[in-house]
Amino acid sequence: MDRARAIAKLTAPGRKYELQNVCVNGNEVKWFVNAPTSLRQLISEARCEKTFFVYNDERYTFEEFYQRASNLGRRLIDDYGVKPGDRVAIGLRNYPEWALAFAAITSIGGIVAGLNAWWESDELEYGIRHIGAKVAIVDQERLDRVKLQSGLDFLTLISVRSEPCDRATPIDQLLRQHGELPDIQIEPDDDAVILFTSGSTGHPKGSVSTHRNIIAALLSQELDLAVLATIHGGAPKGQSKPHYPDAALLGMPLFHVNGLLAVLLTSFRRKRKTVAMYKWDPNVAVELVEAEKIVSFVGTPAMTGDLMLAAQKQDKDVSSLLAVGGGGSARAESQVKGIDETFKNAKPYTGWGMTETNSIGTSIGGEEYLMRPSSSGRVSAVLELGIVDSDDNFVKAGERGELLVRGTSVIHKYWDRPDSSGDFLEGGWFRTGDIAYLDEDGYLYIVDRLKQIIIRGGENIGCAEVESAMLNDPAIIEVSVYGVADQRLGEDVAATIYVDREVDVDAIRSNLKLKIAGFKIPKHIRVTTEPLVRIASGKIDKKTIQKDHQKLLDLE
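Sequential numbering of the sequence shown, starting at -14, is according to our numbering.
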């Protein structure tokens, strides 16, 4: 059976993934008839005595988790006055409290704002003030950074796993007070989550997802797996259903769309165990795969490459692993084959998606992926893809252009960013900023980017934001920031600076640590005493500068 027939069969009337057309924001989109109407319903439907969340020695069942989330939700309403539509920020590592806070906030109609835990003080202040957070739930590291900012003195804080502090109420104090969630009406198209994505023009943008956006993405991922099973007549080639409970390893941050949707929220739908890591460590990950019988893992190419190498070096039983998923950027062909060879029962998977599409877009896996390792796969059932030229005319198969996407999981706005209105086109189309083509069989291939974004180990970095931070140094007259090739991370950050005096590159990096997160700081800085080369329009010729710098690095 081919893919189109499998989708038609699984989405037919009366089937689990039956689809209907609904009107959202003036556009007709596909929606799952049997879907939960809100994240509150999705979380509530998962209640059972199965193990849900594991962190070090801590283990919580779905029922225990739900009761604790209910306690927190009640306290947010009664003690903090959180109302539907209010924003509550989460700035934590992947602690159980991240998931608790998410469930509590979305279940009372609030909007979760996931703060990038790698941000420095200035970045945290911008994110919190930009979305108008009423409350922030933070751990010790984020609490220390927030306290440095006088501009956040107004902010109400709830602390997690931190030392006593006059500014913050410990979350444990709130969780001890029993509370039931009130009956609050939450509509599918109410805003639910804000995740920040690096903008090409400066500050990060808050990508606003509704309950419908997120749930459509979750069910679409399920449908993609069901399509594969239907095509193969059951489990993918060479695999059988495990005799132990389903379990996922959470190595990606929960403030990233893949960590949140592909791992945590998918675990609610599947009633599976989620094993969270304090931070990414491939050796620890391999140990957890063996100890917790991990079935699936999703990570950036850097992470899945790390896992593969660690598994090759350690004498651990990783036979439970059935799926090694990817995202954030393309894998090297050698890694695709390496995953298949290293994990005897696992198949490699990947896809193309964005924060703005709630992680879905296209998918590919197993034998199909091994045959087309440079492809991102075929489009999800609830989405449409289009390739357009510079005049926004749709082009034929095989021709390159900007990738557009539309459908149920695609966001309808960025938070308070009218300058980004050009990303949203008539008919519900969204500009991705990726240059791509679709072949005759509908497989997507990403070939370049229009937007000035560096993807470092799956983390998006806006060139303009780094340039702005660097120009605060009085010695720097001009700067151009761009990505250069990196064997492990895919890309790393590099810069060329035009100065009129002698400078200390290490001092420049040290000063940047006060303004931007460490992963954004250029690893490679080239210094010149000549003005940067420009194109005819007068703009800095970033592509030429990038090529010249890459050539120099290749010679080292």
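Honestly, I wouldn't trust all of these hints.
Simulated restraints on C-beta separations [stated by the list, open to error]:
| # | residue 1 | residue 2 | range |
| --- | --- | --- | --- |
| 1 | Lys536 | Thr46 | 55 to 65 Å |
| 2 | Ser319 | Gln134 | 43 to 53 Å |
| 3 | Asp424 | Ala460 | 48 to 58 Å |
| 4 | Asp401 | Glu48 | 51 to 61 Å |
| 5 | Lys322 | Asp424 | 37 to 47 Å |
| 6 | Gly(-1) | Ile520 | 53 to 63 Å |
| 7 | Ala(-3) | Leu410 | 48 to 58 Å |
| 8 | Gln134 | Thr529 | 54 to 64 Å |
| 9 | Phe139 | Gly70 | 14 to 24 Å |
| 10 | Arg254 | Ser319 | 49 to 59 Å |
| 11 | Val380 | Lys(-6) | 40 to 50 Å |
FYI, nobody ran anything at the bench for these hints, they're computed from the structure. Yeah, the Cβ is synthetic: ideal placement off N, Cα and C, and Gly gets one too.
Hints and how they fare:
1. Lys536 x Thr46: 55 to 65 Å: For Lys536 and Thr46 the Cβ distance comes to about 57 Å; the hint holds.
2. Ser319 x Gln134: 43 to 53 Å: About 45 Å separates the Cβ atoms of Ser319 and Gln134, which means 43 to 53 Å holds.
3. Asp424 x Ala460: 48 to 58 Å: The hinted range 48 to 58 Å holds for Asp424 and Ala460, with Cβ atoms some 49 Å apart.
4. Asp401 x Glu48: 51 to 61 Å: violated, 38 Å
5. Lys322 x Asp424: 37 to 47 Å: 21 Å Cβ-Cβ, so the 37 to 47 Å window is violated.
6. Gly(-1) x Ile520: 53 to 63 Å: The hinted range 53 to 63 Å holds for Gly(-1) and Ile520, with Cβ atoms some 59 Å apart.
7. Ala(-3) x Leu410: 48 to 58 Å: violated, 31 Å
8. Gln134 x Thr529: 54 to 64 Å: violated, 39 Å
9. Phe139 x Gly70: 14 to 24 Å: holds, 19 Å
10. Arg254 x Ser319: 49 to 59 Å: About 33 Å separates the Cβ atoms of Arg254 and Ser319, which means 49 to 59 Å is violated.
11. Val380 x Lys(-6): 40 to 50 Å: 31 Å Cβ-Cβ, so the 40 to 50 Å window is violated.
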